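Each chain, written out:
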Amino acid sequence: MRKFNIKGNFEVKSIIQLYAQWIREGKLPVSSDWNKDLKIKFTVQDPCQLVRKSLGDPVAEDLRYVVKACVGEENFVDMYPNKSNNFCCGGGGGFLQATGFQDQRREFGKIKLRQILETGAKYCITPCHNCHSQIHDLSEYYDGGFHAVHLWTIICLSMGCLGENEREYLGDDLKEVGL
Amino acid sequence: MSQNALKIGREEKKTTFMQKVMEILPEGGNLNLCLTCGACSSGCPASGIEGMDPRKFLRMAALGLDEEVTKSGWVWCCTQCRRCVHVCPMNIDIPRLVYYARQSWPRDERPKGIRGSCDFALKTPGNSAMGAGSEDFKFVVEDVLEEVRETQPKFKDLQAPIDKEGAYYFLNQNSREPVTEPDEMVPLWKILHIVGADWTYSTQGWAAENYCMFLSDDEAWEKIVRNKVEAVEKLGCKVWLNTE
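Those protein sequences? They're chains A and B, same order as listed. Okay, so the first sequence: first residue is 19 according to this note's numbering, each after it adds one. Okay, so the second sequence: first residue is 858 according to this note's numbering, each after it adds one.
Next comes chain A alone, as it looks inside the complex (with noise of 0.2 Å):
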């Protein structure tokens, strides 16, 4: 909007922010309690236009605020470098649809799949629709062992409400948890 000067008459919010703040405002009522015995190990990518190219580090500490709320702070393991230093997963820019990209765009991403497997997590979090294609894409084509998940889908999980048909990226220990 700022590139072709255009004013609207409204705000311009991502609902990451909106979840920390329900959260803290006791609006959402999740709760880590399912994962105390369990301990499934959960790491969270940083959307870079999200982060790095929109609200800084102040979004990528909401961001962590909700996770840890939803899996317990034992079971976050950040991945690094992160937060305005994370590195891009490599679906962005337009690499996902580039036609005759998709070997380059696979290289690309073998530094996210270091980092994911360094932290040992079995569930990265993935905020944005192109880290979460990238971030699935990766861990398939090297065989990563990890699931790529969206945040909505770990914050009902924590509340109990998840249905059945909404658990696609869930990995088999996690199918059946709160149903």
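Hints listed in this document are in silico derivations from the structure and should not be mistaken for laboratory results. Predicted model only: the values in this text are computed from it and were never measured. C-beta: ideal position from N, C-alpha, C; glycine also. Watch out, some of these pointers could steer you wrong.
Unchecked claim - Sample of chain A residues at the chain B side, in silico, Cβ under 7 Å:
(1) 27
(2) 28
(3) 31
(4) 33
(5) 71
(6) 112
(7) 116
(8) 117
(9) 145
(10) 146
(11) 171
(12) 184
To be verified - Derived lysine to any residue pairs resembling SDA-like cross-links, with alpha carbons at most 25 Å apart:
(13) 25(A) x 1021(B)
(14) 31(A) x 1086(B)
(15) 1011(B) x 182(A)
(16) 45(A) x 1006(B)
Fit chain B to the supplied structure of chain A, relying on the hints for placement.
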């Protein structure tokens, strides 16, 4: 044996690609401030792909190797993630240089997938890069909603309003959900339901994605942004809410 003396002096040279980009960017994108430190390249996941990296790209542009720079397939491997700018001591805007290198390609030679996504978005009122029509979007949303209401008693009052005037939040939705995995929209609706948010989708400009930007097609990019802004204002929403 004598050698011809080397002539030193200014030859009339045409404006290089980099100079042209510098004229467009604020502060010239700092493109002529490079210290050649290489921080950009050491932290760029695209380094080495297509035999290129950000520093090399910028240095080649500075040397006026316009053909080699603009025609490199690497311009489509840079994701414009801006990590190079983040670590650069001189705040040099290499991604914008890449953006204009992309733009120097004839439109029909730019990668087909990105071009197709942009064209689909231009053709549909919802700006869906997957070409999903607004009626189809509406149908899928209503269909999924009905099923949840019937099968999940806790959510028998779940809402997914479309074109609700005066709603506080105007929510966009990536086309992938309604087109390929509609059940993935449900957790999002549940969250909004639980917090009691006043929100709406719109049949105009509902799609979250914008591939015209990645295609470096300024005119199309602007058209899409304007259509979406108009949609938010038409419904009188206070917040344009991105799902990511």
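Enumerate the violated hints, using their earlier numbering and listing them in ascending order. Failing hints: none at all.
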